[in-house]
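Novice: In case you want the letters, here they are:
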Amino acid sequence: MKRRESTTYITKYAQQNPSIGEYVQQGGYHGLREALKLSPEKVRQVVLDSKLRGRGGAGFPTGKKWASLPPDAAEQGTILVCNADEGEPGTFKDRYIMERMPFLMLEGLVIAAYAVRAKKIYVYIRGEYPEIAEQLMTAVQAAEAKDYLGDKILGTDFSVSLEIRRGGGSYVVGDETALLSSLMGKRGYPWMKPPFPTEKGAWDLPTVVNNVETISCLPMILAGGADEFAAIGTDSSPGPKLFSISGAVQNPGVYEFPMGVTVWDVIKSAGGVRGNLKAVQIGGTAGPVYTEAALNYRLDYESMKKVGGSLGSGAIVVMDSKTNMAGVLEIIMRFFAEESCGQCFPCRYGTRQLAYMANKIAAGRGKSEYIPLMVETTEVMDAASFCPFGQSVSTPLRTLLEGFGDEIERFIREQEYVKEVV
Amino acid sequence: MQDTYLGALNSAVLPAEQDRILTLFHRVQNARADTNDIPPEAVRDIARHLNLSVAEVYGVLSFYHLFSVSPRGKYVIRLCDSLSCRVAGSIDIYAHLSRLLGVKRGETTADGLFTLEIVNCLGSCDTAPNMMVNDTLVGNLTVSSLDDYIAMLRKEASDEKA
Amino acid sequence: MARITIDGKKIQVEDGTRILEAADKAGIEIPTLCHHEDLTPAGTCGMCIVEIEGDPSYRRACMTPVQDGMKIRTSTRELRKIRRGLLELVLSAHPDDCLQCIRHGNCELQALAERFELRTLRYDQYTHGLPVDVTAHGVVRDMNKCIGCGRCVHVCEELQTVKAISFYGRGSDTIVSPGKDTDMGSSVCVNCGQCVAYCPVGALHEKEQIDDVWASIENPNLVVAAQIAPSVRVALGEEFGMKPGDLVIGKIYAALRRIGIDIVFDTNFSADLTIMEEGTEFLNLVEKGGPFPLITSCSPGWVKFGETYFPSLTDHISTCKSPQQMMGALIKSYYAETRGIDPEKIVSLSIMPCTAKKYEARRPEMRSSGYQDVDYVLTTRELARMIRQAGIDFSRLTEETADPLMSDYSGAATIFGATGGVMEAALRTAYELKTGERLDHVEFQPVRGLEGIKEAEIPVGGLSVRVAVAHGLSNARMLLEKVADEGKKGNSPYHFIEIMACRGGCIGGGGQPIDNSMRRREERIRGLYREDQDRSVRRSHENPEIQAIYEAYLGAPGSERAHHLLHTHYTRRDPYASVG
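Protein chains in written order, with my numbering: chain A, 1 to 422; chain B, 423 to 584; chain C, 585 to 1164.
If you're looking for bench data, these hints aren't it; they were derived computationally from the structure.
Be a bit skeptical, because a hint or two may be false.
Said to hold, decoys possible - Keeping only pairs whose Cα atoms sit at most 30 angstroms apart, straight-line, the calculated DSS-like set for lysine-lysine is:
1. Lys193(A) / Lys12(A)
2. Lys12(A) / Lys37(A)
3. Lys594(C) / Lys193(A)
4. Lys655(C) / Lys200(A)
5. Lys655(C) / Lys305(A)
6. Lys193(A) / Lys37(A)
7. Lys152(A) / Lys12(A)
8. Lys64(A) / Lys655(C)
9. Lys322(A) / Lys526(B)
10. Lys193(A) / Lys1066(C)
11. Lys665(C) / Lys305(A)
12. Lys193(A) / Lys665(C)
13. Lys593(C) / Lys193(A)
14. Lys764(C) / Lys665(C)
15. Lys764(C) / Lys526(B)
16. Lys665(C) / Lys367(A)
The structure displayed is predicted, hence computed values, not measured ones.
If we strip away everything but chain A, and leave its shape as in the complex, we get (with noise of 0.2 angstroms):
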């Protein structure tokens, strides 16, 4: 199988200000097309042939979640959910897909409630996006028209509306339960699986959550078939993917490269490190930082696991020499107590401690025993908690006290501080 270095499937469609013309000029709307001209269970199959896995951060392949809907799930009254909440730190690529190609993953939707035979879409969208709901919302008025959305789409049967839901403010949405808890209008706490949402989802609906990314790579699978997308990448981890690279960098924005790409190309193309190279955190907040010898890895999910991380959301964040690594200690453990939705203890016990010991670390006040303390409270988390949230909190604590751990227990015995802290 060739392995194709090209790039742009997604982002060749990126415009200013998208229009839907343009858009279909550009080839838009071939893959819904042909995907009506199968039957729904063979968009399926040919989405489970393409290896597509879920570009929210989890990697799940996406026709094998598909694939567990009960058999009577249309029938019950099957919801797709679109999970529009990008809120993992250093992710903006969905950003980007609704600002500049909303009518891709419009498409995409509709492909994929097609194949899942949903009657609704249900748009959720991170509350801090309010501009972009509301281009999004003259995307569908703009669709609608067209028949490409709403109504006996394209002269076909098909019919499905959508519907645009915001956020009020919480990261911990952005997983697949929790969204759903907060679709139904509820405190966003996530719930146990088994069962899985696509058994009982939504008010017990059967119930497909799909984030944006992933949508968005439809319409090509669709067009040009499951084979071609899954010649692009690597086996197990196919496809193009945008990566989020920012921070120390010249040019940061979304990229697209083919899965297995290596960090080094995307910071290359990203117009390289500004000043010297320190850190780069890959995947998110909830992701492995490391040292320059991450240059080498390949951005992938397989690749990522092999070397202790997790590809995750696919964000980069470069730092440089001037970062200090006891202040972004202190911004991820934050990160982590502000966000921690209180349900279970060990997380909402968790994060508290950690936070308020990395604070004392960042502000010259922190003692030695706290680093074996932090690492046994994930040890804690990782164990007791109930949902991968506070499961995640010991990738980037591990990893920065492998690659940094030197610095800040300098930091500990030299009572410095980061002047830095908030």
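Starting from the known structure of chain A, fit chains B and C onto it as the hints suggest.
Specialist: Showing chains B and C alone in chain A's frame:
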């Protein structure tokens, strides 16, 4: 206030109106342009409208950090201090903004114009350092762009009064 | 069936059994904190995680069903370390004042800390630093002690559907609250205290009045008269090492005198009185042909619930006061006059299984005697504390009898404490008064038992009386929604309804000894029905002291004096009314 937020609500195709609650919170808060809050009367109206208890509505409201039960300023500034913005200099931005407005994080200026909040990632890390002012994202912040922007807001506020 | 191995032991359990229950069968007690056998597991605490062979993650025993062939280890070195670490985290957010805490010695967090030998806390400690909410009469809310287990929210929202409290805030700042602009006293809280019954720590507890009662007792100018509810007599023993359901009323009378109570009456007397008044009220309705249903009124938690959520049905609530309030009014009138005591010098005290009774006593209309009819209400737990404070060895007390005038009671009275008891007592009297016939069997099985809503049809004279009994306010809500719906169509599916706020009835009240689980409640109920069986008089109208009070003082049920002293009215309440 009643009409503003309890006006036209599409009837849901699916069961349970409780799912409208976040929409209602946004509407109430946006309608209260001077204080950007959701006051107790509104909470009770929403509870009555959705057939939920007052405690339940507060329970949902208090979970989401974009909403406030207490009055805030006309302009709610949300300054990001996540990693990318920190690398881009959010600290200096915060220090300057704090000096400029005369408030610390979480506080509202005495003239009721500005509330300064520190938030986590706003999802625009390529334009770091970022802040949001109400619904508007303002990126690529520098000390001077901040000065300009705050001045512009002050002028807008006094023009409105006139 | 599933065959599993747990800590090396091979056992067989039903499919779908959760690991926690399976372990219990195998004699293994997996530590828990947020879990309660009466409540749906929420998985908040994480204490019960176990190791399952082949599973890379630990799983919560409370939520995970067994599968055939599962090999489980519940207590490894690693698991013990995790659990201790978890406890340490919880304790680091908990105040350090066990010695002053109301739950000292009966606290689930304390018990776990002891079990895991937590000798040091390595974390810096903090609490919310919030003022304690003492605004409700029955329930005190101390969020500094709240560990966030969520039992109270679950109980208030799902079991009681009062929804007075919910979680508030996010993350480690999360507390339980009636809302930002309100407190318990101004919320829809009905004071039922079921939250207290399930709270594992001292975050929710009764508002103690022990000191006030001591002060009254120690004041030589005051006469303290006490009444004891039916439910207390089968539960107080639990506080002294006896079994739930053990009838200890004789010892209670003795203990009260040892403490210094001047006059000991029994609420069961006024329970019989309630039957006379309410039975008459009901038969009058039958005579008039309606309007039905008549709904009992002795549960103050239910009454406030009804006033709040079913205002259209308040006219159907019996105007009879509860036995507590009837007795209180009579203590300061009938008793005072009969014995020639100045009612101003009388302190009327009641011993109740109930936290809502503290609220009921303070309702503005409860002053028919011209004074506050009931001055203080002590819960079963508070009485136990007083008994211990006085140095009394309860289990070794010699039984005594109560003081005459208002303490004789029938078996019908004593079963008031069980769900269906009021209904059964009322039917015994209503039947015999209406038909003039004597019942061969006074037991009405269809209204007994723990089913949430019980229905029965009983022929009383020419009328086929349709009755319903609901316990637990979620069941009350379901039943009354049906009644309200039918009412709109002009129908009334029932003639007579008994509602108790607490599951199981008053024996499960918020003031009862903790462990207040359904298992305990069942045992207490059995105790009451046993006492009923053993009593020579089993019908309210055959209670000689009841006959005496009508003859000497009240005249007849429903008389003007009876109305003045023994009947009340209700206030519709808006659950959304602004505060202050």
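Novice: For every hint, state whether the structure bears it out.
Specialist: Verification of the supplied hints:
Our distance criterion of 30 angstroms between C-alpha atoms is broken by Lys193(A) and Lys12(A), whose separation comes to about 38 angstroms. Taken as a hint, the Lys12(A) and Lys37(A) pair is honoured in the structure, with Cα atoms around 25 angstroms apart against an allowance of 30 angstroms. Using a Cα cut-off of 30 angstroms, the hinted pair Lys594(C) and Lys193(A) holds, with the two alpha carbons roughly 27 angstroms apart. Taking the CA atoms of Lys655(C) and Lys200(A), the gap is about 28 angstroms. The hint holds against a cut of 30 angstroms.
In summary, the hint linking Lys655(C) to Lys305(A) is supported, as the alpha carbons are separated by about 28 angstroms, within the 30 angstroms threshold. Restraint check: the Cα-Cα separation between Lys193(A) and Lys37(A) comes to about 35 angstroms, which exceeds 30 angstroms; the hinted pair is violated. For the suggested pair Lys152(A) and Lys12(A), the alpha carbons sit about 29 angstroms apart, so the restraint of at most 30 angstroms is met. At roughly 28 angstroms between alpha-carbon atoms, Lys64(A) and Lys655(C) fall within 30 angstroms of each other, so this suggested pair holds.
With a C-alpha separation of about 25 angstroms, the suggested pairing of Lys322(A) with Lys526(B) holds against the 30 angstroms cut-off. In summary, the hint linking Lys193(A) to Lys1066(C) is not supported, as the alpha carbons are separated by about 35 angstroms, beyond the 30 angstroms threshold. Distance restraint check for Lys665(C) and Lys305(A): the Cα-Cα separation of roughly 27 angstroms lies within the 30 angstroms cut-off, and the hinted pair is therefore satisfied. Proximity of Lys193(A) to Lys665(C) is assessed by CA-CA distance (about 26 angstroms); at most 30 angstroms being required, the pair is judged to hold.
Proposed proximity of Lys593(C) and Lys193(A) is supported: the alpha carbons are some 28 angstroms apart, at most 30 angstroms. Distance restraint check for Lys764(C) and Lys665(C): the Cα-Cα separation of roughly 39 angstroms exceeds the 30 angstroms cut-off, and the hinted pair is therefore not satisfied. With a CA separation close to 24 angstroms, the supplied pair Lys764(C) and Lys526(B) stays within the 30 angstroms bound. A distance of roughly 22 angstroms separates the Cα atoms of Lys665(C) and Lys367(A); the hinted pair therefore holds under the 30 angstroms criterion.
The structure does not agree with the numbered hints 1, 6, 10, 14 stated previously, though it agrees with the rest.
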